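S.K.: What follows is the residue order along each chain.
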Amino acid sequence: MLWYKAWLETRARFLVSLGGMVALSSYYIYNEAQGVGKYAGLDWYYTALHTGHGLIAVMWVAAVMFLIMGGLLREKVVGTSSFTLSLPVSRARLTGVRILFGLSQALALAVIPWGAMFLVSIVTGKATSIHQAIFHVVLLAAGGLVFFGVALLVSSLVEGEYTAPAVSFGILFADVIALGDRPLRAFSAWNFMVGSEYFNRRTELLTGSIPWIHVTVNIVLATLLSAIAIRVTDRREF
Amino acid sequence: MSDCPAIETIGLSKSYGRMEAVRDLTLFVGSNCLTGFLGRNGAGKSTTIKMLLGMVRPTAGYGKVLGRRIDDPAESVEIRRQVAYVSEDKRLYGYMTVEQTIRFTSSFYADWRTDRVAALLRKFELPLDRKVKSLSKGMRTKLALLLALARRPKLLILDEPSEGLDPIGVEQLLECLVAQSSEGTSVFFSSHQIEEVERIADRVCIVERGRLLVDLSMDEIRQSYRQIDLVFPFEPRELEFNLMGVESVRTEGCQLRVFSSGNTDGIVERARAYHASSIEVAPVGLREVFLGTVREKSDALV
Amino acid sequence: MIFPKLASTSGAPLYLQLMQRIRHAAESGALQDGDQLPSIRALAEELVVSPNTVAKAYSELEHEGLLDLRQGSGAFVTLSRRARSFMDHVDRARERVSELVDALRAEGLRDDEIRRVFEAELLRAAPARKR
Numbered sequence: 001m002l003w004y005k006a007w008l009e010t011r012a013r014f015l016v017s018l019g020g021m022v023a024l025s026s027y028y029i030y031n032e033a034q035g036v037g038k039y040a041g042l043d044w045y046y047t048a049l050h051t052g053h054g055l056i057a058v059m060w061v062a063a064v065m066f067l068i069m070g071g072l073l074r075e076k077v078v079g080t081s082s083f084t085l086s087l088p089v090s091r092a093r094l095t096g097v098r099i100l101f102g103l104s105q106a107l108a109l110a111v112i113p114w115g116a117m118f119l120v121s122i123v124t125g126k127a128t129s130i131h132q133a134i135f136h137v138v139l140l141a142a143g144g145l146v147f148f149g150v151a152l153l154v155s156s157l158v159e160g161e162y163t164a165p166a167v168s169f170g171i172l173f174a175d176v177i178a179l180g181d182r183p184l185r186a187f188s189a190w191n192f193m194v195g196s197e198y199f200n201r202r203t204e205l206l207t208g209s210i211p212w213i214h215v216t217v218n219i220v221l222a223t224l225l226s227a228i229a230i231r232v233t234d235r236r237e238f
Numbered sequence: 001m002s003d004c005p006a007i008e009t010i011g012l013s014k015s016y017g018r019m020e021a022v023r024d025l026t027l028f029v030g031s032n033c034l035t036g037f038l039g040r041n042g043a044g045k046s047t048t049i050k051m052l053l054g055m056v057r058p059t060a061g062y063g064k065v066l067g068r069r070i071d072d073p074a075e076s077v078e079i080r081r082q083v084a085y086v087s088e089d090k091r092l093y094g095y096m097t098v099e100q101t102i103r104f105t106s107s108f109y110a111d112w113r114t115d116r117v118a119a120l121l122r123k124f125e126l127p128l129d130r131k132v133k134s135l136s137k138g139m140r141t142k143l144a145l146l147l148a149l150a151r152r153p154k155l156l157i158l159d160e161p162s163e164g165l166d167p168i169g170v171e172q173l174l175e176c177l178v179a180q181s182s183e184g185t186s187v188f189f190s191s192h193q194i195e196e197v198e199r200i201a202d203r204v205c206i207v208e209r210g211r212l213l214v215d216l217s218m219d220e221i222r223q224s225y226r227q228i229d230l231v232f233p234f235e236p237r238e239l240e241f242n243l244m245g246v247e248s249v250r251t252e253g254c255q256l257r258v259f260s261s262g263n264t265d266g267i268v269e270r271a272r273a274y275h276a277s278s279i280e281v282a283p284v285g286l287r288e289v290f291l292g293t294v295r296e297k298s299d300a301l302v
Numbered sequence: 001m002i003f004p005k006l007a008s009t010s011g012a013p014l015y016l017q018l019m020q021r022i023r024h025a026a027e028s029g030a031l032q033d034g035d036q037l038p039s040i041r042a043l044a045e046e047l048v049v050s051p052n053t054v055a056k057a058y059s060e061l062e063h064e065g066l067l068d069l070r071q072g073s074g075a076f077v078t079l080s081r082r083a084r085s086f087m088d089h090v091d092r093a094r095e096r097v098s099e100l101v102d103a104l105r106a107e108g109l110r111d112d113e114i115r116r117v118f119e120a121e122l123l124r125a126a127p128a129r130k131r
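Same order as they appear, the protein sequences are chains A, B and C. The numbers in the first sequence follow my numbering, run straight up by one, and end at 238. The numbers in the second sequence follow my numbering, run straight up by one, and end at 302. The numbers in the third sequence follow my numbering, run straight up by one, and end at 131.
Hints listed in this document are in silico derivations from the structure and should not be mistaken for laboratory results. Keep in mind it's a predicted model, so treat the numbers as computed, not measured. Keep in mind that the hints are not guaranteed to be accurate.
To be verified - The following label-pair restraints were derived from C-beta to C-beta distances:
1) B/E252 x C/T9: 19 to 27 Å
2) B/G11 x A/V77: 29 to 37 Å
3) B/G11 x C/E119: 42 to 50 Å
4) C/S10 x B/D215: 16 to 24 Å
For every residue, glycine included, the Cβ atom is placed at its ideal position computed from N, Cα and C.
This is chain A alone, in the form it adopts within the complex (with noise of 0.2 Å):
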């Protein structure tokens, strides 16, 4: 029943999320398709393809982060966290359940958009290919999932209703000021979600194949997060 309780408190803004970013991508692509067929060529509109993906990706954050807001931490200040503590369930199935969740919220609001723009795509006669769709979803995704983790930890550690996305959002500016220069771009996750990497300006594709041990390290350095924050939270004093 705790999937029950993770669904019935973040129902509301993950619907909102969702509906939210489908309809804003959607409509963003369509704009632009009509806009191709008047004054410019195919590649202007794989470039289209593309800023709606970094479209998408700010959104995503935005409601990730929102998403997250929660936990033991949260209920701590909002006076809820005796009646879940008492429940006959350990912390780490709390906290885990809170994560196999959200992730999966993240996930389907990582995809669901996409594909609601690609179908704009095929919709409006303005075919990509589904690689490229592939692999703009895995690096939202893979690089998401770093913010996801951030996100989850910083919820474990930050007191206050509102004051861990708040945090949150300041790491995220963080790294995209910060990490945004030439050496140290391959380390920010903002670059790696929206792909400027692999973006090719010329063909305005993104190039190559899938960067699977990037991604790899992602997935390990989101799972890390996570295992700390279930650390955290059991350690915690309520």
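Starting from the known structure of chain A, arrange chains B and C on it as the hints suggest.
M.R.: Chains B and C only, in chain A's frame:
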């Protein structure tokens, strides 16, 4: 009464930096009885309960609930399976409706009694489809109580259960606690409302500044605790009345008030020996025991 | 039988008070031989007292011979010979107290003064038998 105490702690302590919330608490709460847990605000009642349920880790000492250790995480989960707890703030998930909250909670406990839920909903007049965040404090309290009372746990722990309830609600609560007790559930409840504890408790434990001061049965208090008011034709010396059974003595001019836990005869005899002009023995309620011991002994604890 | 609430602040344990009330009901005829008393749980809920109090009262009354506790069925009033003689005892005591109260009133003591004297005497434990 079965042999295994419902709750036992030995030297249980909790400090937050230099502040000692609970000091060397050694407590034995029997099973199959109703035990009241009294104390002032900040005396350590809630902290003790949180330690028993694994929410806070003790800094020293050891405790067992229903025979299981409180400091072992796996045992702690088992403890919570058999214990029904109502916290002081009684907050529940605002985003769930009454019905969803009941459905959610019932899924965790094998001792859930579905037949009781309907009766309790009617008794407490709780609307099923209302969201918890839009319930009044009284209704939220009743819902929190319902979630514990719709079970048949081995132990029921309540922290200030009547707070936020109107007099009818309080009466309903006491009836439910008595009903639970008659089905074999041990009940341990902390309260500020001395009258409520006095009515239904079999035993009372009083804590002050983290220490256990009193652990008595209500029968004993009613039978043996007395307030003896004496008037003498001269100013008496307090020291003459430091007899066995005397808990505290107060003098004011020619009047002497003795608060005793026994040996009433001996004290009255001593008073007669000193030619007291008036001897009045009166029974003592839980309020006097509480005020008497807390005031007297808290000075000694400083 | 209608049970009045017990006085939770008084000099006597609740179970003793309950026993007195039941005895009084049996003496006065409110309870007849063979009548069934409420179950421990029902009476505890009605009076809002601990079920241990009711259990103890019933158990002591069974010991005195006034109640018969049948496993599974409940508590039944049995005005046995032992109980009857005990009640005669109480009747005779009441007569004596009645005479004493009349005498004290005749001496000019008010009722509340008389009550206080009785209460004070009762609150002392039974004195050691002199002589």
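S.K.: For each hint, tell me whether it holds in the structure or not.
M.R.: Against the structure, the hints come out as follows:
no. : hint                       : verdict
1   : B/E252 x C/T9: 19 to 27 Å  : 24 Å, holds
2   : B/G11 x A/V77: 29 to 37 Å  : 33 Å, holds
3   : B/G11 x C/E119: 42 to 50 Å : 43 Å, holds
4   : C/S10 x B/D215: 16 to 24 Å : 22 Å, holds
Comparing the model with each earlier hint shows no violations; every hint is respected.
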